Structure formats: C-alpha cells, structure tokens
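All chains, please: the whole structure from these sequences, using the hints.
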Amino acid sequence: MELPQREQLQQLVEELTTSGQPQLDQDKIRELKSICRVSNDCIDQVYHLLMTQLDQDHAEIRLSAFQIVTELFSRSHHFRTLLVDNFQEFLELTLETDAEQPLPPPKDVARKLRSQAIQAVQSWHSSYGTAYKKLALGYHFLKQVKKVDFQDAEARTVTERRRQEERDQRLERIYRARVEAAAQEMDESAQDIEAALTEMESCTRLLFPDFGLADFHTASSSSSSSDSGSTEEEEPCCSRTLQESTTGGMQEEEEESLKKDKGGDRLLAARTREDTEADREDKQSKDEGMEHQEEKEKEDDDEREKREVESEEEEPDEDSFIRNSGLISHSYSLDVSLSPVLHVKETEDNEAVVSTMVELHRLLTSKHLPAVQNWVQVFTRSHAEPQLLRRALDLKKSLEAALNKHRDLHIDYKARGRRVMKAASDEEDDDDDDDFDEVPEKEGYEPHIPEHLRAEYGLDPSPSTSAAPDRQRTPPTKRPVAPPLPCSSSSSSSRRLKQLKEEEQDPTSAAATLRLLRQKAQLPPESCCSSSSSGPSSSQSGSEQKSAEAPVVSFGLDLYYWGQERPNAGKIIKSASQHQFWVPAEVEEEVENKDLLEESKSRYISFPGRFVPVSHFCRAPLGNGQLCQRQDRVKCPFHGHIIPRNHEGRPIREEDRQREEQEERKRREQQPDWRDAELMRDIEAATGEDLGSDRVSGKKRKGKKKKYPNLSDLKQSSNTSRSRLEKKVFNKSSMRRVAQVMSKADRRKHDKFSNQFNYALH
Amino acid sequence: MLGFLTARQAGLDDPLRLRRAESTRRVLSLKLNPDRDVDRVHGNGINTIDIETIEGRYMLSGGADGVIVIYDLENYSRKLQYSCKALCTVGRSNRHVHKFSVETVQWYPYDTGMFVSSSFDKTMKVWDTDTLKPADVFEFEGNVYSHHLSPIARKHSLIAVGTTNPKIQLCDLKSGSRIHVLQGHRAEVLSVRWSPRYEHILATASADSKVKVWDVRRASGSLFTLDQHNGEKSKASSETVNTAHNGRVNGLCFTLDGLYLLTTGTDDRMRLWNSASGENTLVNYGKVCNESRKKLQFSVSRGCSPEFVFVPCGSSVAVYALHTGELVTMLRGHYNNVDCCEFHPDYQELYSGGKDSNILAWVPVLRTPDIEEESNHENKGAAGLSAVNPAFQDAWSSDED
Chain V
343 MELPQREQLQ QLVEELTTSG QPQLDQDKIR ELKSICRVSN DCIDQVYHLL
393 MTQLDQDHAE IRLSAFQIVT ELFSRSHHFR TLLVDNFQEF LELTLETDAE
443 QPLPPPKDVA RKLRSQAIQA VQSWHSSYGT AYKKLALGYH FLKQVKKVDF
493 QDAEARTVTE RRRQEERDQR LERIYRARVE AAAQEMDESA QDIEAALTEM
543 ESCTRLLFPD FGLADFHTAS SSSSSSDSGS TEEEEPCCSR TLQESTTGGM
593 QEEEEESLKK DKGGDRLLAA RTREDTEADR EDKQSKDEGM EHQEEKEKED
643 DDEREKREVE SEEEEPDEDS FIRNSGLISH SYSLDVSLSP VLHVKETEDN
693 EAVVSTMVEL HRLLTSKHLP AVQNWVQVFT RSHAEPQLLR RALDLKKSLE
743 AALNKHRDLH IDYKARGRRV MKAASDEEDD DDDDDFDEVP EKEGYEPHIP
793 EHLRAEYGLD PSPSTSAAPD RQRTPPTKRP VAPPLPCSSS SSSSRRLKQL
843 KEEEQDPTSA AATLRLLRQK AQLPPESCCS SSSSGPSSSQ SGSEQKSAEA
893 PVVSFGLDLY YWGQERPNAG KIIKSASQHQ FWVPAEVEEE VENKDLLEES
943 KSRYISFPGR FVPVSHFCRA PLGNGQLCQR QDRVKCPFHG HIIPRNHEGR
993 PIREEDRQRE EQEERKRREQ QPDWRDAELM RDIEAATGED LGSDRVSGKK
1043 RKGKKKKYPN LSDLKQSSNT SRSRLEKKVF NKSSMRRVAQ VMSKADRRKH
1093 DKFSNQFNYA LH
Chain A
25 MLGFLTARQA GLDDPLRLRR AESTRRVLSL KLNPDRDVDR VHGNGINTID
75 IETIEGRYML SGGADGVIVI YDLENYSRKL QYSCKALCTV GRSNRHVHKF
125 SVETVQWYPY DTGMFVSSSF DKTMKVWDTD TLKPADVFEF EGNVYSHHLS
175 PIARKHSLIA VGTTNPKIQL CDLKSGSRIH VLQGHRAEVL SVRWSPRYEH
225 ILATASADSK VKVWDVRRAS GSLFTLDQHN GEKSKASSET VNTAHNGRVN
275 GLCFTLDGLY LLTTGTDDRM RLWNSASGEN TLVNYGKVCN ESRKKLQFSV
325 SRGCSPEFVF VPCGSSVAVY ALHTGELVTM LRGHYNNVDC CEFHPDYQEL
375 YSGGKDSNIL AWVPVLRTPD IEEESNHENK GAAGLSAVNP AFQDAWSSDE
425 D
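Listed in order, the protein sequences are those of chains V and A. Heads up, the first sequence is in this note's numbering, so the first residue is 343 and it goes up one at a time. Heads up, the second sequence is in this note's numbering, so the first residue is 25 and it goes up one at a time.
Don't take every hint at face value.
[Stated by the list, open to error] What follows is a list of derived Cβ distance ranges for each label pair:
#1 V/SER1085 x A/GLY255: 38 to 44 Å
#2 A/GLY115 x V/GLU507: 32 to 38 Å
#3 A/ASP59 x V/THR394: 32 to 38 Å
#4 A/ARG221 x V/THR394: 47 to 53 Å
#5 A/THR30 x V/ARG372: 51 to 57 Å
Keep in mind that the hints were calculated from the coordinates and are not lab data. Note that the coordinates shown come from a computational prediction; the quantities given were computed from them, not determined experimentally. We put the CB at the ideal spot given by N, CA and C, even for glycine.
And the structure:
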C-alpha cells in the first residue's frame, strides 16, 4: 500500500470523525470506501484508525467513527473479522459495557451513540451472527448479562413510562396514607383546638369584656353621644373638638395615658372644687373618674367618662378662672396622645385568667398551629379533597385570629417567680420589709458620690475639675508649640490630690496659675480649664487671650524645676557598700551624667508638620486621549514622577519634554510600528508564514484556535461562576501569596513569643 | 505431517512422537470454533468445570448461582457442527441444590457415577450422578473455596478441603467423616491439589501468600513451603520469607507427570516450581492478570512436546509454553473475566468458563482452504468457492466507483 493512499485514508478518517455532524459526509465516505476496496491492507489501516478514533474522549468523534464502522462492517469480510476479534473493546467503547469506562460527554450524543450501537449490534447479529461466533456471543452477553434491551426505542420508552407510572403510583400511595393520617389526626384534635379557642375567647372576654372593634366603636359612640348631649352647651369648642378627636381617632385606650389623664383630673378637680359654679354633672363625671382610678382598668366604658373629665375644664366665668388658675385663657387646647393599642396589666384580680391565657397561648403556638400548618401542607401537596383542606384552613385561620387577638391585648405579665414567693410568704413579711429603708445597690464602684463625701474619697470638690491638673497651661514666656494633650484619665485619686496641693505651692504649675486666676477673675476653674483645652479659638479676656493662643505642652522635669538652679542635677550617687568591712576598691560616689542633666533642662519638641491635601494631578496623557487624574504627592505609579504639564498633558519644562521623547523613541525601537499584532496576524493569514505575531502581542491570542472547530466544546460547560472563581482563588500565585502572609504571621508570632515559656505552651 | 507419517509407516519413529507432534499442532491451532457450542444453561457466572478422565465424555460445570450442569461433549451426530447438550442439571428447583455459588466440582476419578461439589453455602456434597441426589454432605464452618480428590489414590479416598478456616480438612469418603486437619496456614486456603504422582502428597495455596506441600501421612507439619527467592535471604524482605507470591495465591496446578507445580497469585505472576524440591524454576511468564479473590482454575496440556499452560488472564485465556514461559497466544472470546479452563486431553480441546455465563469450547481449527484471499475482491470466480457461507463475502456496492 502506497504512502499517499495511507495519508489520504488518515486524513479522510480524521475529517469524517471530527466533523461533529450527526450524519457522515456522503462524498467522503464514498471516497473512503473506494480506497478500502482496493486491498485488505487499507482495511487494516482503516480499522486501526477507527479504533483509535473510537477511543477518543469525545462522544461526537466516537459516533462518527462508529458510523464509519457500520458502513464498512456490512461491506468487508476482513473488516468484520478484525472487528469481531476485538469485539469486547468495541462494545466497551460504544456501549459502555464496562461500568468503569462510561461514554464520554456530551451526554445526548453519547446516548445516541449507544442506541445506534445497540441497533447495529442487533442487525449484525441477525445477518452475520451464525457466521461469526464471537458476534453471537457478544450479542448474547449483551442480552443476558448486561440485560440490554434490544427492542426499538419505542419499546424502551414504554418501559420507561411504565416505570414512571409505578413511581407515581407509589408516591400517590404514600400521599394517600399521609392524607388519611392527617385527616384522622385533624378529627381527633379539632375538638381540642376548638376547646382551646373558646377558652381563649372567654379569657379575652374576661380581660376585656367588649373586645372586638365593632363593639368598642358602638359602645363609645353611643355613650359619648348620650353624654355630650347633656354637656354640649357648656363645653368650649376646643374641648369639644378634643373630645371628638379622641373619640374619632382613638380606637383603644392606653392605660398609661389614662393615668396621665387622672393626674390632670386631680388638678382640675382641685380647681373645680374651689369653683363655686362647678357643674353638677361635671362633678358626677369626676366622681366617676375617681372611682375609675380605683378600679384602674378592665372597664373600657369608663374611659369615655375620663375623657369627659378632661372636657370639664370649661369655665363660665373668665375672671374667676384667671383668679383661680392663673391662666389667662381657658381655651387652652390640651392634647392627649394616646397610642392606639391595648394594654392589659396583670394584677392580682386577673391573675388566674392571664395565666390560663398564657398557657393557652403556649399550647396554641407550640402544638396546634404547627400541626394545622402541617395538615395544610399535606393536603395541598397531595391534592386532597377540598373540604378537608378547607377545614384545615379554617382551623388555621381561627387559630391565627386568636393569636392575633392575644397579641393585641399586650398583656403585661408579672414576673411569675415573684408570685410564687409571695404565695409562700405571709403579709406580715411585707410589714417587716417596710422597716427597712430602700437602699440603692452598691457594689464597689459608685458612679455618683455625694458632695459631702467627696473629700473622704479623695476627690476634688466637684467632679468636673478632677481632670484639671493634667492640663498645664504654659506661661506666656515659653512659646514652643505643642498640641494640647488630651486629658489622660478621668478618675481621680488621692495621690493626685496630694500632687495638686504640692503643685499649688509651685508658681510654675498650672494649679498655682489656676488658683491665681480663680482669685482674680472669680471664674469657676472648670470653665477656664475647658476653654483652654478646647483650643485657642475660645477667648475670655484680653490677658487671657494670649495665654489661650499659647500652645499647651506636656508637663516634664524641665518645667518642674523651672527657674531653679539644681546643683546636683544629673548626678548619680552610687551608694557605697553597706558592708561593715568589705569595701570595694574604688567606688566613685558620684557620677555625673550628661544626659540626665540635659534632660532636666531641655525639652524635645517634635514638628510633625501639617497635612496638606494634594491639589495637583498627574495629567500624563492616557491612551484614550484623557489625562491621568491620579493625585499622588510625588510619584504616579503609572507615569513616574509628577512633573508640571500643560492642559494637553505635555511637560512644561524643556528637559522633561526631552526625556519623555527619548523614552518614546526607545520604546518604538523596541517594537517597531509595523509589528502591530493585528497587522501581523493579517499578513500571516494572507501569506501563511509565521511572523511571530503571538510573540509580539505578549499575551496569548484571544480564543486559541481550536483544533477541531466543528466538535462541540467539552470544556464550555465548565465555564460556570464557580469555576471562574476557582480559577481566581486557587491559582498558584494567589495561593502562594496567601501562604506567604500566613507563614509571615506565624513567623512573627514565633519571633515574638518563641522564647517565652508562658506563650510557648499556649 | 507427511514426514511423520512416513517415518511412522517405516517404523522409524516411536508412535508417541507422531502423537506428540500432532497434538502440539492441534493445540497451537486452538480457535473459537463456530462448529462447537456449549448449551447455555447457567444464568450466572461459571466458577468451575471438570471433565472426567475415564471416557472424556462428560463435563461438569458449577455456576455462581449454585447450579451444577453435566454436559455431553461427545459428538455422535456425524456432523461438524455440534452443540454440547446439557444432560442433566441440578437446578434451582432441585431441593438439594447448593444455596450459594458452587466453587468446585470434580468427578470421582474412577467412576462417573459420583461427583463432588463444594460451595459457599459451607457444604461439600457427594452426589450420585444417576439420581442427582447427594449421597453425603459435609458441613464446614466457613465457605469452601476448593476441594480435591486424588486422581491416582488407591490406598485412600481422601478429599482435601480448603475453607475460610486456615486449617485444611481431610474428609474420608469411606467413613463419611472429617478425619484429619492440617495446620500451618494463617489465612483462608484458596486452592488444594493432590499430586498426580504420589498419592499422599498434597499442595495447598493460601491467602497468606504461601504454598505448602504436605505428606498427609505425616501429621506434624508440612514437608516444605515454597519460597519465591529459593531461600536466598538477601533478596527477601522479612515479610516475604517463605512466600510463593507477593499476594494471595489462588491457583494451583501440577503438570501431568507431577514433577512440576504451577501457582498463580494476585501479584499477577505465575510461577513454576519443582514439586520434589520446592525450588522456584524462575520461569518468567510475564504479567498474568489475576484479580480473582477466589480460586482460579487453570490447566496444563497433556501429551504435547513442549507442554502448554492455559491460564485465565482477564477476559481471555493465555496460552504459555510451560518451560520457556513464552506467551503462545491469547484466546479472546469471553466478554467478562474467565474463572476456569479445562483441557480435554483426548481431543486437544479447551473449555473455559467465565463470568459472562458462557462456556466456550476452543477447538483446533485445521487448515482452512485458501479461499479468503481471493474472495476479498469482488471476484466472480471466487464467489462460487466461498459460497459456503454468504456472510463471509464482501459486499461492496457498485455506487462507490
């Protein structure tokens, strides 16, 4: 067999198998067959080529190769013998008989390959099975061991459908059982739930006789209308509007605001009692209000009366009103803000009711509601009978309504524990308790110390000045600038107090100055201090203005010995040996230390300078015609040292311009203009020569040309957000960076603590 | 061939010589022959087969589903095409059937009226062939991997049984009881084999990678343990001292004369030992794929001038020259792992059973007429000759021109 023929075969097979088409190209297959006809060598060659293609990890390649195989199988006996000799491998590659070698992706093509292969094996067996024993054996192997269904695709879908039906039936059975169980459960516990609900309802009734909005509305409106009818003419307009607003806007009364009202009531009552022309009806209502005060709650009918108590501030006689109350006009409008919610306070009267309520609430939320929700879920999922579902939904609705009602009550629970204690103890204990004064809790730290005890605690007379000695106002002679020190500590101690007293003796100390000032200007020390600390901007008097402008420096040794000559400053006296007779050979008793001497006389003041925000831009020309907008102080990370540039971005100074031009020239030389990657690629495409466009562009050409563009890309499916993130997170450089940082942190810890026994153990 | 015949005719040659030459030729031409079929009875993998030596006519097979089948191999139909009939079956409906996979079947060496089978249901059954009922049942504590009856024993009728228990049991057919135990192995005994030369010599292979040779008359211990390094301490690491393989040893086979012993192990090696001295002959057979966790049954040809070994190797049967270790051919026909193969000495046929529930008969294919080469072309003249089977014809359609 000649070499060109061989090459031609190879090319043909490769083209056919990598076409990616579901059908073979008829012309090419005809050409292939005509070559194969020539000799058995060709068939050998084709057979080996096809087996290698069948071994590729791409279902489309395998499918095309398989199609060629079927074409040749029916034609050539030699091909048949070759293939049947290696039939195991062929079955593995096309029918995945080996579970460890599944067919490669894409999946749909693999499925197609499988079904086609099954059909082909069957047809081969029917026509050649008797002649080729191994083919028959393979067929039986597939049929009996691998249980391959050789029926056509229709039959397979039938079986699948049956399987699906079976699954559905099973599901339905399960659902039915569940529905039955749920229905039974519902039947059983519906009574419980209803009982709980009615109990809850009656509890609410007991706590709040006319719950329910509609009842409330009607009651209040009817009562107010009846009452306002009698008091209408006497009432001033403002109070009437007030009443209207309260009746209209307010739905439910709040207990606390009621109390407030009562406070007002009392005041008014006192006034009105003095008043001779006090209205009888008002009094009546007042009494009612007083009664109501005692009752405190639970009768929401009475709230209406209270409102009338407010409204009874009408006064027939203006003068007497002024005389009595000191108010100029009696037409003040009084706004009472009432939050539109109910509050029920637990008292001893309703304790039992409330506790039952709590238990009921717990029962409903923890047991019944989840159960009902579960039923509803079961019924909806399994499409149960509508009446079951409706019933469950009704139950759920009523449960939720009850819970809502309970929430609206806003019951203030007493602490349960207390009640128990109370039940255990007698009332006499309460009397005993009265003997003791109530003492606020005291536990070490006392935030508030009474004035007369402050000295005892070693405190300044007033707490606000306790921080004063920290601050030093420099005398005006000394000018060095130093930022004012923040007050370092707020809590004071006796030591500091002593120090303060000492300092007052010292004329340079701030305390002494403060004392002077205090004497002079009679200013409270704290105000002076605060002004000095708040900065030079605050001014008080002419002489102080200067001192206010003067910077504040921290207190030091030099200030301590200000203006004093110290003969022994900087001298270290070494104590001679205290021993009786052992005396070291020579001990210099006094050592002069220059540094210490200096330190006692001098002061270090640092000049950090002031932060000046950068106002200039880099302004180097960018590729898109704009100017670089970076605001670095000295050097732009992209364009080097920042130099003055004009509005076009060209350097203003001559030497800069030259330098830049030079650089540009150098860069051009490195990569001449004609070596533009795009252009080169075009030339390459035209001439077919490699000019090295890949090298020039520096980075990989976008979208590397695929070897077989027709095949579907297997890697495409891996382009998910997860894979992209993985690419970023798990790439080598970032892993290395993280590892470096981690190891550095470790090393730092090691350096710091490695030779410290204490830390090394932990 | 003609030379041999004339030499024989002239009385120059030993008759054995001609026989050897012919049988060697036949073995070399073993093929999967469409003329010979074996009935498919087993619905599951086939673990073991055995051909009786008296007539060479009946074959036993034991399947992984517990079924035992007896085949008739003799072709009396006077046709080339023959399919071996299943004479009788101990099927699933039989109430004496083994519950689990049958691991070993063996004919009684002197009579086809009896055969012995052992199974993973921890029993070994002695069957009466006529009635297909067990004459005796031995029960053991563990799964029975292998048993063997001595083919030449005249003084005893012992069955050696290898089970999951490291102790080898010796069952006496005369008394119907377990009379003896051989201790020495440390793991389950996968294969046992009596020597065809000395009736008291027994070889056993175990999962502890050791092969021991025993004289059953000596109760104290084994005669020797086969050592793959021939006792050279320098080559052996401490674990491999006195081991035959570096994995489980799951196959044992004596040559016909009993002078040599072949072992296979899961280290994918086959070794040939001198059975008298226990010396490793160091024949290199190359890689013999072996993943079986159970017994592997393989066989040696008989009466050929270089003897051949037929050993299952993955899904094919490898044929090696016994003493040179040369791979002669691979018999590829099974679609799944091959578990057992048995050589028929009279007709130089090979029967192999595998997990694909096929028993394949490898029959010598004598030289076929030279028709094929011509018939590859669309040759009108050759078509007439190759008309034996139209499936062998090429079918190039004319539209390809």
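Consistency of the hints with the structure:
no.	hint	verdict
1	V/SER1085 x A/GLY255: 38 to 44 Å	violated, 54 Å
2	A/GLY115 x V/GLU507: 32 to 38 Å	holds, 34 Å
3	A/ASP59 x V/THR394: 32 to 38 Å	holds, 34 Å
4	A/ARG221 x V/THR394: 47 to 53 Å	holds, 51 Å
5	A/THR30 x V/ARG372: 51 to 57 Å	holds, 56 Å
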